[in-house]
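Participant: Okay, here's what each chain looks like letter by letter:
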Amino acid sequence: MSRQIAALEHLKVYFYDQGDRRFIRAVEDVGLTVEQKQVVGLVGESGCGKTITALSMMGLIDGEPGVVGGRFFFRPKEEDRRALIFAIMRGNRKKYDCRKGELFDLFCGLDDCVRFDADPFTVIKDPEKWLRKNGRIMEQMRGRNISMVFQNTREALNPFVTVGSQLVRAVQCLENDKNRAALAARAEELLLSVRIFNPGYVMNMYPDALSIGMSQRVLIAIALASRPGLLIADEPTTGLDTTNKHRIIDLLGENMERGNMSLVIISHNIGIVRTIADRIYVMYAGLIVEHGNKKEIVTGRKNARHPYTEALVSSVPTDADIKRGKKLKVIEGVVPDNKMETEGCPFLPRCRYAKGGIRRKCRTRRPELFEVTSGHRIRCWLFAG
Amino acid sequence: MSRFLKVFSRELANALLLVIGVTAILYLSFNLMPGTFIGKGGGVEGYLNLLKRLFSFRFGVSPVSGRDIKSLVLPAFRNTLLLTFGSLFVSVLIAVPIGIFSAYRRFKSYSWALSIFSYIISSIPVFFLGYLVLYVVARYTGFLPVFSVSASARGMPFLSFVLPIVVLGLGNDSISEIVRLVGGELERVMSLDYVIAAKARGENMLQASVHEGIVIPLISIVFSKIPFIIGGAVVVEHVFNWPGMGRLAFQATLDRDLPVLIIIAFLSVLFVRTTTLLKDMILYSYRTSES
Amino acid sequence: MKRFYFEKETTDRGGFYVPLYRRASPVDAVSIGYGLFVVAYLVVFFIISLTNSFIKDPMQVDIGQMFMSPSFEHLFGTDFLGRDIFSRIVKGTEAFFLPGLLCIAISTLFGLGFGILAGYYPRYCAGAVFYVLNIVDSIPRFIFILIIIILFNPSIYVIMIFVGITSIPKTASYIKAKVELLKKNRFMEASRALGLSQATIIFKHIIWIYSKTVLIIQATLRMGESVLIETSLSYLGIGVQEPAPSWGNMVAMGKDFFFQGKMWLSTVPAVIILMTIMGLYLLGDGLNSLYNEKVSR
Numbered sequence: 001m002s003r004q005i006a007a008l009e010h011l012k013v014y015f016y017d018q019g020d021r022r023f024i025r026a027v028e029d030v031g032l033t034v035e036q037k038q039v040v041g042l043v044g045e046s047g048c049g050k051t052i053t054a055l056s057m058m059g060l061i062d063g064e065p066g067v068v069g070g071r072f073f074f075r076p077k078e079e080d081r082r083a084l085i086f087a088i089m090r091g092n093r094k095k096y097d098c099r100k101g102e103l104f105d106l107f108c109g110l111d112d113c114v115r116f117d118a119d120p121f122t123v124i125k126d127p128e129k130w131l132r133k134n135g136r137i138m139e140q141m142r143g144r145n146i147s148m149v150f151q152n153t154r155e156a157l158n159p160f161v162t163v164g165s166q167l168v169r170a171v172q173c174l175e176n177d178k179n180r181a182a183l184a185a186r187a188e189e190l191l192l193s194v195r196i197f198n199p200g201y202v203m204n205m206y207p208d209a210l211s212i213g214m215s216q217r218v219l220i221a222i223a224l225a226s227r228p229g230l231l232i233a234d235e236p237t238t239g240l241d242t243t244n245k246h247r248i249i250d251l252l253g254e255n256m257e258r259g260n261m262s263l264v265i266i267s268h269n270i271g272i273v274r275t276i277a278d279r280i281y282v283m284y285a286g287l288i289v290e291h292g293n294k295k296e297i298v299t300g301r302k303n304a305r306h307p308y309t310e311a312l313v314s315s316v317p318t319d320a321d322i323k324r325g326k327k328l329k330v331i332e333g334v335v336p337d338n339k340m341e342t343e344g345c346p347f348l349p350r351c352r353y354a355k356g357g358i359r360r361k362c363r364t365r366r367p368e369l370f371e372v373t374s375g376h377r378i379r380c381w382l383f384a385g
Numbered sequence: 386m387s388r389f390l391k392v393f394s395r396e397l398a399n400a401l402l403l404v405i406g407v408t409a410i411l412y413l414s415f416n417l418m419p420g421t422f423i424g425k426g427g428g429v430e431g432y433l434n435l436l437k438r439l440f441s442f443r444f445g446v447s448p449v450s451g452r453d454i455k456s457l458v459l460p461a462f463r464n465t466l467l468l469t470f471g472s473l474f475v476s477v478l479i480a481v482p483i484g485i486f487s488a489y490r491r492f493k494s495y496s497w498a499l500s501i502f503s504y505i506i507s508s509i510p511v512f513f514l515g516y517l518v519l520y521v522v523a524r525y526t527g528f529l530p531v532f533s534v535s536a537s538a539r540g541m542p543f544l545s546f547v548l549p550i551v552v553l554g555l556g557n558d559s560i561s562e563i564v565r566l567v568g569g570e571l572e573r574v575m576s577l578d579y580v581i582a583a584k585a586r587g588e589n590m591l592q593a594s595v596h597e598g599i600v601i602p603l604i605s606i607v608f609s610k611i612p613f614i615i616g617g618a619v620v621v622e623h624v625f626n627w628p629g630m631g632r633l634a635f636q637a638t639l640d641r642d643l644p645v646l647i648i649i650a651f652l653s654v655l656f657v658r659t660t661t662l663l664k665d666m667i668l669y670s671y672r673t674s675e676s
Numbered sequence: 677m678k679r680f681y682f683e684k685e686t687t688d689r690g691g692f693y694v695p696l697y698r699r700a701s702p703v704d705a706v707s708i709g710y711g712l713f714v715v716a717y718l719v720v721f722f723i724i725s726l727t728n729s730f731i732k733d734p735m736q737v738d739i740g741q742m743f744m745s746p747s748f749e750h751l752f753g754t755d756f757l758g759r760d761i762f763s764r765i766v767k768g769t770e771a772f773f774l775p776g777l778l779c780i781a782i783s784t785l786f787g788l789g790f791g792i793l794a795g796y797y798p799r800y801c802a803g804a805v806f807y808v809l810n811i812v813d814s815i816p817r818f819i820f821i822l823i824i825i826i827l828f829n830p831s832i833y834v835i836m837i838f839v840g841i842t843s844i845p846k847t848a849s850y851i852k853a854k855v856e857l858l859k860k861n862r863f864m865e866a867s868r869a870l871g872l873s874q875a876t877i878i879f880k881h882i883i884w885i886y887s888k889t890v891l892i893i894q895a896t897l898r899m900g901e902s903v904l905i906e907t908s909l910s911y912l913g914i915g916v917q918e919p920a921p922s923w924g925n926m927v928a929m930g931k932d933f934f935f936q937g938k939m940w941l942s943t944v945p946a947v948i949i950l951m952t953i954m955g956l957y958l959l960g961d962g963l964n965s966l967y968n969e970k971v972s973r
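Chains as they are written, first to last, in the numbering used here: chain A, 1 to 385; chain B, 386 to 676; chain C, 677 to 973.
Just chain A, same shape as in the assembly (with noise of 0.2 Å):
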């Protein structure tokens, strides 16, 4: 078994709607391991939550209005453990248990700062503390441990400063080298991993000259300036012809092996997620409603799926079906909004297989993740027991 590089376990995030004062759920239950090497894809339509447990998992949700629970395991590297033992510690008057052999939790002694009274239903928070002592942890982990590739391709990068001093900076948050030279010959060198082949050139440029694509390769290269251990790719392919996707996921697929580093790649196109990831997170309404390696997923070994995922695989046209002239699969319905509490499964309007006996249950009940082979979880009442 390779070693694990992250985990995340029962992460839970919710807001807190100040007008009609209710919390919202945006993700609940959503447990994630990557291991070294490994390339983890989490799928989902729009607005089930994949942003949101990328950004809980970077550290950038705010503290204020939500609720983050849960825990995140995570493995810095050797040079960074010292410093982020401090920072747990620091602070800290209790003592947790925040290791699980080499990994640390960054969650750690966060929940000091909420507090649940039962009835009337309150939570009782100190958001700046929160956000300070996540501040703290994550300050430690971010950019040279985990990095994230943004969605907004064209507002991620800073308008106001050029292409070439942004990559420098990058590139200083690693390496404190002084000489100017160097850090600059350095970002060349990275611009030419992302195949930008004129990268004098486009190191003088600011972002808004650049196309869709070229700022996404740009950031990449930032992103891959650090040296992460673990990527995050959050929809590293919107607003790109085919092509050009294809190529981007080459790119991050190359520098992953080259760089030693874990991906996670956030889609709503598994599609384009199955070409490289080993193993396949899908996400429904904030949680997680199966996972499982790559085969499972996209073939349906056995017969085992959830009728999400299968409504998912099936809605990407396969080359026969196109020579066929077959219509688009659509999945019928929208995804439920958070603000309704649901009691049973999420999916229960729009599921097909929800008839007869079992339908009660998927109303009344949510549904566990079922373990069907061993890595293979499905959380559907169908698969039960």
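There could be a bad hint or two in this list.
One-sided excerpt, in silico: chain B residues whose CB lies under 10 Å from chain C [what the hints assert, rightly or not]:
# : residue
1 : A409
2 : F492
3 : I615
These aren't lab readings, by the way, just hints derived from the structure by calculation. Glycine included, C-beta positions come from ideal geometry on N, C-alpha and C.
Fit chains B and C to the known structure of chain A by using the hints.
Facilitator: Just chains B and C now, with coordinates in the frame of chain A:
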């Protein structure tokens, strides 16, 4: 570069037009006043005559005090420039750190106290603050730090020089506004995608948002505050006996010496328009570097 | 520690309407509350000074009771002529209250007019209007007032009219920006297509629905400015003249005794000025962030 020159010449022409408009109004007010002095004359010819004299800086002699206006006004103008820029610097020095601090959400409860403090400071009437400072300094140093040549020769020139600047810097009502603007803008910019992306890479958030969050709002507000600070300078110069334009203007008002006041108005309009031009060009060059 | 309540059964309010008082952050609520308190005491003081009841005569000289410290009888003490400082402060609101309102009225009315003219008919009016307004804007306000004082030797009312004139450009530019923003909106075309007259569009939609908040905020900040200007002028001795009370000339008269240790003479009116200006600024800024407008002083 040619685009820059084009915009610059357009703005310059605009500024000149405005200055000419202002002088026309001043000319009209000249003719409302009984008596004879420079620029007084009939119709367009008199106005052109006035313009010629104003732009060649030949201001003539004050009919009230009988002194040469140019030698009276120009040193005062220089002193007021010093006071204005010095106090702006002090305001910025105090307000910007508070603004930056209040943009961070994790320090909200601390920065609240600071921003209330900035409100209190900026709404202390400047004439009272001046006396308070004078009182405290005079009591504990035994020295009255009003500006005069003999006093500065006697050993505490620094104090009498710095105090008015500090008092005007605190008391012109711009600190709370700068705090609010910089804090608000910075908070907005800090939640923009590119800053969050920089944060995710482990870079300094402030460094990423300094251009849009601090520099641009600061430039636009500081330059637009200059006319108000010249106004506030009248009071402070009165309190501290600072030989500046404000005190001269006030003295001219008491003496009903309109020509001096008109010249002062002309110079300050020239100054205000120049700074506005400067501001426009700085912001313009920022915007071109963006695209 | 913050409490977040959870209401189980929420009524469906339809859409995303959230009442204002719930949108307000605690900081805004406190600053608006304090601002309203200031406005309240200003109004009460003004009414009292108009009716001339409830307070001692602010003009009555009583040499036997000079420099009295604050006591129950004289709330803020007495000044160098034995006049009651509290009643002088109450009476002092007269010096800026109506002139300030006049100033607000002028700047709002003309600012609104010019702003709409420039924003709604950009082709014909904007250049000329803003040329005139820029002329007014580029003379520093205090110098402008001094020129007016030499020319007309005016009362505080006339001075405040000119202060109002100097603040027209600011109001006008906000209104212009607002109108330009609205003109880009589709609903303007829609309302024209529906056959609404231009007067309805301008008066009902642009002014009443969309510019109301800007004007209120502007008016509040302008009042603070008027207080500042009136007190400064009175302090310099060119505004309200002794023996008529004004907060500014009270500070000016009191400061001569400051060095003798009789501090309350000037400190009390100065603190009142501070509280008032701060309240008005806080009210303006609080409303500003509540309505999410971007209006500066």
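Participant: Can F492 of chain B be said to touch chain C, with a Cβ gap under 10 Å?
Facilitator: 13 Å, violated
Participant: Holds or violated: I615 of chain B as interface residue toward chain C, Cβ cutoff 10 Å?
Facilitator: Holds, because the Cβ-Cβ distance from I615 of chain B to chain C comes to roughly 4 Å (cut-off 10 Å).
Participant: Answer holds if the nearest beta-carbon of chain C is closer than 10 Å to that of A409 of chain B; otherwise answer violated.
Facilitator: 9 Å, holds
Checked against the numbered hints above, the structure violates only hint 2.
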